[in-house]
Amino acid sequence: MGSDPTPSAAATRKLPTRLVLGLIAAIVLDTAVQTVWKRAALTLPADAATDPVGAARAVLARPLFLAVAVLIGLQMVNWLKVLDDADVSYALPITALSYVSVAAVSAVWLHEAVTPGRIAGMVLILAGVFLVSRTDHNTLPAR
Amino acid sequence: MNRTLLGLGLIIVCAVIEGLAQIAWKTASVRPDRSRLWIGLGVVAYGTEIALYTLALTLVDVSVAFAMGSLSFVSVAILSRLLLGERISWMRGAGLLLILTGVALMGGEA
Numbered sequence: 001m002g003s004d005p006t007p008s009a010a011a012t013r014k015l016p017t018r019l020v021l022g023l024i025a026a027i028v029l030d031t032a033v034q035t036v037w038k039r040a041a042l043t044l045p046a047d048a049a050t051d052p053v054g055a056a057r058a059v060l061a062r063p064l065f066l067a068v069a070v071l072i073g074l075q076m077v078n079w080l081k082v083l084d085d086a087d088v089s090y091a092l093p094i095t096a097l098s099y100v101s102v103a104a105v106s107a108v109w110l111h112e113a114v115t116p117g118r119i120a121g122m123v124l125i126l127a128g129v130f131l132v133s134r135t136d137h138n139t140l141p142a143r
Numbered sequence: 001m002n003r004t005l006l007g008l009g010l011i012i013v014c015a016v017i018e019g020l021a022q023i024a025w026k027t028a029s030v031r032p033d034r035s036r037l038w039i040g041l042g043v044v045a046y047g048t049e050i051a052l053y054t055l056a057l058t059l060v061d062v063s064v065a066f067a068m069g070s071l072s073f074v075s076v077a078i079l080s081r082l083l084l085g086e087r088i089s090w091m092r093g094a095g096l097l098l099i100l101t102g103v104a105l106m107g108g109e110a
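Top to bottom, those sequences are chains A and B.
Using the numbering used here, the letters of the first sequence correspond one by one to residues 1 to 143.
Using the numbering used here, the letters of the second sequence correspond one by one to residues 1 to 110.
With the rest of the complex left out, here is chain B (with noise of 0.2 Å):
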């Protein structure tokens, strides 16, 4: 596989990570039953993050790498709307929509 895919491929997948990391955080705040649980599933999450990230910083630019990992707040938004119920405004729908297409340039000129 094209090295350079394979590392905004997985900075993708970190920005899903992020997402998952935040939305059990999330979960341990309104779970206190369950939340070391919750605490735990997200600390792996992070730590597995980390580790993705280290690879894609292998393969790719970091300035690129980094600014990409503005996904995260798209990946947030749409787990926390079919997860958590929350919803998003017209407001957070552009700016989520600004963010992809410039996801999109920064991952074209990788």
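Bound conformation, chain A alone (with noise of 0.2 Å):
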């Protein structure tokens, strides 16, 4: 039996805490940048859509919208730190967990409804990203 690890192997094995904690945090910040990016929309003039140059004004005078942009940024970088330690068709369903802390703290904090409805299309977008992660692809394999 060779030290490196079947695949079969890799993929029961514990996983390293580091990795764990970029899932989560990658969980979370996504769930940071739609909330506080909603929440900083919502200060924008109600003709924003209609009034491109008057919006744009409003977003550089907005602290929130920089909020937004430090967030992503933040999450970006996390993002390539979890790539580091797996593979996107691993790391990318588990993160599409976002879909529902998403609305569960847009349900607490911006009292958005959780119908039966969104949560039935929610399911269906998981199983869906679920089953496209799980496609093969033409990805280069890690030397």
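Just so you know, these hints were derived from the structure itself, not from any lab.
Note that the structure is a prediction, hence the values are computed from the model and not measured.
Ideal Cβ positions, reconstructed from N, Cα and C, are used throughout, including at glycine.
Heads up, some of the hints might be wrong.
Stated by the list, open to error - Stretch by stretch, here's where chain B covers chain A in the computed footprint (C-beta under 8 Å, at least three residues):
id: 1; region: 32–38
id: 2; region: 48–57
id: 3; region: 92–103
id: 4; region: 106–116
id: 5; region: 119–125
Unchecked claim - Part of the chain A face toward chain B, derived, beta carbon under 10 Å:
id: 6; residue: PRO45
id: 7; residue: VAL132
id: 8; residue: ARG134
What the hints assert, rightly or not - So the derived list for chain B, only partly shown, Cβ under 10 Å to chain A, looks like this:
id: 9; residue: ALA56
id: 10; residue: ALA77
id: 11; residue: GLY102
id: 12; residue: ALA104
Please assemble the complex out of the two chains, which come individually in their own frames, going by the hints.
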């Protein structure tokens, strides 16, 4: 028996703590980005969609949008760290759990509705992302 | 136009733009001679997507907008099939169909 783990052994071995923390951070950061972004968007004028110039000025004047930019930066750095330790096809369906956490946080913080239809839609999307991530691809093997 | 419909339309446009951005960056990796151009186009596409998504968030709930963003999986698959000749396996097709059905359900509840 060699020292290199077989694919099945690799799949069943204990996950490194760093990877687990990175995946949790990815979900937390995804949730923070989306809900803070929505909170920031709520401060824009009601005619933002029809007055892009006014909306752009308003974005530059709102510190919350700066917070969104910082959170997106942190999210990108963390995601690259996660991909150092795991394949994207493994990590992506796990972070799709952000759909659930965003719905939960936005229900509590932003008073958004959680309806049976939305829950069903979310479950289908999660199942779809899982299937897409399990398909064959031409990713180069790790060296 | 109904504000919710406008928001849903913007999210669909964002998904298509994300697909185009991904294609641009993939093209940059296979066309090193023109990589700066394609990377630049990808950056412009992402900038446009951020602006449009911000507008969409003024019109629809974030729990709906974020989940519907998974439409980008569908647009990337279709655009990479059409423009890069990548294949779509039956399992990926089934996954994309599930995503589309879920997005349609979420859109109906927006």
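Taking the hints in turn, this is what the structure says about them:
1. Beta-carbon proximity to chain B at under 8 Å applies to 4 residues in the region 32–38 of chain A; the threshold of 3 is reached and the given coverage holds.
2. Counting residues of the region 48–57 of chain A whose CB lies closer than 8 Å to any CB of chain B gives 5, which reaches the minimum of 3, so the coverage claim holds.
3. As drawn, the region 92–103 of chain A meets chain B at 5 residues by the rule of a beta-carbon pair under 8 Å; at three or more, the given contact holds.
4. Under the rule that three or more residues need a Cβ within less than 8 Å of chain B, the assignment of the region 106–116 of chain A holds, with 7 such residues.
5. Taking a C-beta to C-beta cut-off of 8 Å, the region 119–125 of chain A contributes 6 residues in contact with chain B, enough for the three needed, and the coverage statement holds.
6. The beta carbon of A:PRO45 is positioned within 10 Å of a beta carbon in chain B (closest approach about 9 Å), and the interface hint is therefore held.
7. At its closest, the beta carbon of A:VAL132 sits 4 Å from a beta carbon of chain B; the interface hint therefore holds under the 10 Å criterion.
8. With a cut of 10 Å, the hint placing A:ARG134 at the interface with chain B holds, because the nearest CB-to-CB distance is about 7 Å.
9. With a cut of 10 Å, the hint placing B:ALA56 at the interface with chain A holds, because the nearest CB-to-CB distance is about 8 Å.
10. Because the closest C-beta pair between B:ALA77 and chain A is about 8 Å apart, less than 10 Å, the hint holds.
11. Satisfaction of the interface hint for B:GLY102 is found here, the shortest Cβ-Cβ separation to chain A being roughly 3 Å, below the 10 Å cut-off.
12. Proximity of B:ALA104 to chain A holds as hinted, the smallest CB-CB distance being about 8 Å (cut-off 10 Å).
Of the numbered hints stated above, none is contradicted by the structure.
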